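Model the full structure from these sequences, guided by the hints.
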Amino acid sequence: MSKKKLLKGNLFSRMSDTNLLLIITVAIFFLMYIGAIIFQGGGFTKPQMLFNILNSNAALIITACGMSIVMISGGIDISVGGVVALVSMSCAVYLDFHNGSIIGSLLIAIAIGLAYGIVQGVLVAYLDIQPFIVSLAGMFFARGMTTIINTKPFNVENNQAFLDLKGTRITVPGMGSYNRKGIYVPAYIEIGVVVALVLVIILFLVLRYTKLGRSFYAVGGNKQSALMLGINVKRTKFFSHLICSTLAGIGGYVYFLHVGSGSASHAMGMEMNAIASSIIGGTMLSGGVGNIIGTLFGVLSLSTIQNIVSSAGLDQAWWTGITIAAMLCIFLLIQSVVMKQRKRALKS
Amino acid sequence: MGKSMIKKITGHQMFIPIMALLLLAVVNLIVDPGFFKVTLGTNNSGDPVLSGSLITILDYGSELAILAIGMTLVTAASGGQDISVGATIAIAGSAMLRVLCGTNTRPETIQAPIIVAFLVACVVGMLCGAFNGALVSIFKIQPMIATLILFTAGRSIAAWINNNELPIVPDPKFKYFGGFIPGIPIPTTVFIVLACIIVIVLVLKFTNLGLYTQAVGINESSSKLNGINPTFIKFLTFVILGLCVAVAALIKVSRISTINYSVIAKDIEMDAILAVALGGNALSGGKFNMWSSILGAYVIQFLTTTLYKFNVQSDALSAYKAVVVILLVIFSAPAVRTYFSNLFAKISTSRKSGKEAAK
Amino acid sequence: MDNNRILEMRGINKSFPGVRALQNVDFSLNKGEIHALMGENGAGKSTLIKVLTGVYSKDSGTISLGDKKNVSIRSPQSAQNLGISTVYQEITLCPNLTVAENIYIGRGKSQITNWKKMNADADKLLKKLDIPARATQQLASCSIAVQQMVAIARAVDMDCKVLILDEPTSSLDEQEVEKLFGLMRDLKALGVGIIFVTHFLDQVYEVCDKIIVLRDGQFVGEYEIKDLPRVKLVATMLGKEMDDLSDIKGEQGTYSGENKDERVFEAKELQSDAGIKPFDFYIKKGEVNGFTGLLGSGRSECVRAIFGADRVLKGKVKMHGKDVKISKPLDAMKNGIAYLPEDRKVDGIIGDLSVRDNIIMALQVLKGFFRPFSKKQAEAFADEYIKKLNIKTASSDTPIKSLSGGNQQKVILARWLLMHPEYLILDEPTRGIDVGTKVDIQKLVLDLASEGMSVTFISSETDEMLRTCSRLIVMRDRKVVGELTGDDLTQNKIMSTIAGGE
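Residue numbers (our numbering), protein chains in the order written: chain U, 119 to 466; chain D, 470 to 828; chain C, 45 to 546.
Take the hints with a grain of salt, since some may be wrong.
Derived pair list, reagent style SDA-like, types lysine to any residue, alpha-carbon separation capped at 25 Å [stated by the list, open to error]:
id : chain 1 : residue 1 : chain 2 : residue 2
1  : C       : Lys321    : C       : Lys276
2  : C       : Lys161    : U       : Val456
3  : C       : Lys276    : C       : Ser418
4  : C       : Lys171    : C       : Asp217
5  : D       : Lys609    : U       : Tyr327
6  : C       : Lys321    : U       : Lys329
7  : U       : Lys352    : D       : Phe800
8  : C       : Lys436    : C       : Gln67
9  : C       : Lys168    : U       : Val456
10 : C       : Lys445    : D       : Phe484
If you are wondering where the hints come from, they were derived from the structure by calculation, not from laboratory data.
No experiment lies behind these values; they were computed from the predicted model shown.
So this is what it looks like as structure tokens:
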């Protein structure tokens, strides 16, 4: 009985930082979505709205997950946006100019991601160079290479296999709705969403149940201690960058599949959106705290607020930037205040 | 004896930026000896101006050098970087134009004296700095993340200030700041940078700003027990950076007499951070060397100008820059340095032991 | 060779730039033995241990473990795999993980974490060792002492052959230390060889079998505990006969100048947000007094409240009978109060700054933001105190972090003495530093007091307090429970006051 009381008594201080932040994120997302349904009505009541958010953000979900892993292990990778653009352009050129195969393009995407991961991972983990600088150079390089491969943006139009794949829609049974004319419109998601959700589940399991996953948390929590606990810190850091860049490669392909074009200005600022989503999802840049499910909800929250803003009629371009920033600001303040409270609660 | 001398030189913080500068100079000298030629000509309005690659570097490196000053302080005190400087340049510049042009985007004359507009820009820049500083120092949010907010919103706010219009400043005097003052052949920006450097040198000499920022950056808790207010010092460095941003905005806007919200000072935050890192200052805060950072800024500009000389497209520029940066950081990485010094030691000892064996 | 030998280190050498940290050191350990590794700071204890645990690589020498001759230990992980476990003074666990994870992470070959089994195992282990923590709890929510116990639990559970305890007791209270000793004896019975590093002499004589002494990076000797009485041990460590230690006894504050009875500082109902009960306190001119009590009894929190280091909630403070307001350290400094903090690394040194900057820091802040000292002036100050306190440093430009612990402490002391305070608070000034420096500091305190400075002295070692203080304030459970002066200043009286009841 006394144990039960103990468990109940200080739930707030008992919970791990990771879980606490996750719960805040998920709760805020649902509150926000319900608020949107109540005040905006219309589109938000239809499941397709949610699916559209997923469809257009599948790539962001994937890259943000990679970002979360790097951030949990105490690093940062701002090259992901550049990698996405580079992958899109490379695949577009390969498919359109050289009439390549789908498999080939997929291999290109993963190869670019892996190459990035290996180089950045070695530099950060084994040469001990600050990840910010390494990935900054990585970003510059990717953006520059994208222009060198092809200066002008263009759509892939000459590759039927790709266009078929791009057009593939997976209908979700029972989630459709009737339009104004009373015709049933089935709800659908794109292939990218399936890829993203599968990856989210895999990564969640990796982080929770594998030695490597727990090592990410340990290294992010305290590098020195992790070393003393017998964890191979360098290898762990290397893997965090390898996974992040590989995910950026896959994310790049999903992005490409969604837009179907190559351009040097693709995925501009995506690294910042990925970082923002991770933070909103409860990952702390100081490392050691974070959750993949949280990141998923971080992306959803971010895009929901964008939708709310545009459906509220504030569709001048600048409002999106300002609202995302405001939201980021609010979340950061919540995190900061909650953590401070918690520290105080633990102290006394 | 000679060995310790070498170690002393290579171990110095200025070693990397100076070596990089020399390397770039030598490469340019080999490829095109004319690179260093400075000629005195006249510009469109018939005034004497100096031209040549060196002048270009000094001129266009100005904004970066000014930002590097503030960025060094922020880095030292907070152990993080401000990634919003490009966006806040847009905000300060936009505010400046709003004051100069009023609501009319094509005014006949300027609506307020330039000095007033500049002061407004300073206030706006410092406010942005104060916002970042408050998030970092009071709410203890990591600097990169705190400044991510203005980074995301900055250019939108800038557009919003002028209702997304692009006002053009009619007064030719406004062009002086980013160009030449008639009769003086040296770019005005050089004087502005000199003024900024003199101010910061005086500040570092006659106040404890340097000591306090380093102390806070190295050990916040200990600084607090020594009577320093770390919260205020961090806040202060961000406000100083805000001031630097306003000066940089003046130069940037003056160069074209108008503004392009999405392009102005784009990626300059990255260059400014690189300048600090290239100068051998730890991005994790603590000890800093201001001269080294400023030199780092010009090295980056030197590199940019050199790449242009090699006919690199402006869009592809970043790829080459990235390679150079990576090479530089690899070369300066402690792990690599110890590896090489161990290698040297091994070679010399094996030679020695070889000699002894020969005896 | 001896069958019982489980660890044999021969001719270990290790140099750092400018320092020969270990010179030809031999060390051996038998099954079921507890060895105390003793030496002054900078004697090479930490280096030896770090070589053994793979943090540093040795320059030359051999290490044999049991039958395995000449093993190479390249990383903490390989040390772990060879059966060498270490518990450090600073907690080397990850605060963001759960207690169970901290016990089991980085061990075993399995790539998959079985949470259920891990938690059950951990709970069993915690119960066995009587550690008040739950397996699923986040480590950061445990007290420091419990975190230390978890670290020991981890080492114990790893089925180690050699267990290294590097000053594990400095953050534990007496009960916890007793519990730890019980644990060590159990392990000894199981045949584990234990290397115990500590600064507490009592503890050495309580649990250890043999003492190994290092001095200046060299092996001095290996002694049976019964062959080496305390005085001799100290003498061996220092390499000289120790008359100084006995000299100091009973030589308490002897200030007899004017204003002898003036209360330099007085506090009424003072309370901070660090969780102490409101307390009254005063100190007279030239007096040396002290706060005593078990670890966690609130003695540090009291002096932190006096200095304004924690947020002061309420209370009245007087200097020389006049009301003053002290809400932050700068206020206290302006009123002539100096505070040498308990945790040198976290609160004291500013690691990358030079010895000079570290010395002038407090006086500089007091002088003001807009009035920096000239380089010459700073140099003069630094040189003066480097000489005065006999600080061993290459130059005043050397970063303080490269000094040994005792010398770092002297630099921090110099920082506050330079301020010429009226009232000096020393919180554990002798923790983790060598015996020689300890004596130096105690002497200095008495000298300062005889010149009219008021000093509050806090130490975990009661005999040290008895030697220096003329009045002791006793604390229990974050509350002042008594005050001892004159003939009451005895070990027994202090103990009974701390314990409570008559």
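Consistency of the hints with the structure:
This hinted pair does not check out: C:Lys321 and C:Lys276 have alpha carbons roughly 43 Å apart, beyond 25 Å. The straight-line distance between the Cα atoms of C:Lys161 and U:Val456 is roughly 32 Å, outside the 25 Å bound, and the hint therefore fails. A C-alpha spacing of about 48 Å is found between C:Lys276 and C:Ser418, which places the hinted pair above 25 Å, so the restraint is violated. Straight-line distance between C-alpha atoms of C:Lys171 and C:Asp217 comes to about 20 Å, which keeps the hinted pair within the 25 Å bound.
In summary, the hint linking D:Lys609 to U:Tyr327 is not supported, as the alpha carbons are separated by about 32 Å, beyond the 25 Å threshold. Restraint check: the Cα-Cα separation between C:Lys321 and U:Lys329 comes to about 46 Å, which exceeds 25 Å; the hinted pair is violated. At most 25 Å may separate the alpha-carbon atoms for a hinted pair to count; U:Lys352 and D:Phe800 meet this at roughly 19 Å. Restraint check: the Cα-Cα separation between C:Lys436 and C:Gln67 comes to about 20 Å, which is no more than 25 Å; the hinted pair holds.
Restraint check: the Cα-Cα separation between C:Lys168 and U:Val456 comes to about 33 Å, which exceeds 25 Å; the hinted pair is violated. With a C-alpha separation of about 24 Å, the suggested pair C:Lys445 and D:Phe484 falls inside the 25 Å cut-off, and the hint holds.
When held up to the earlier numbered hints, the structure conflicts with 1, 2, 3, 5, 6 and 9 and fits the remainder.
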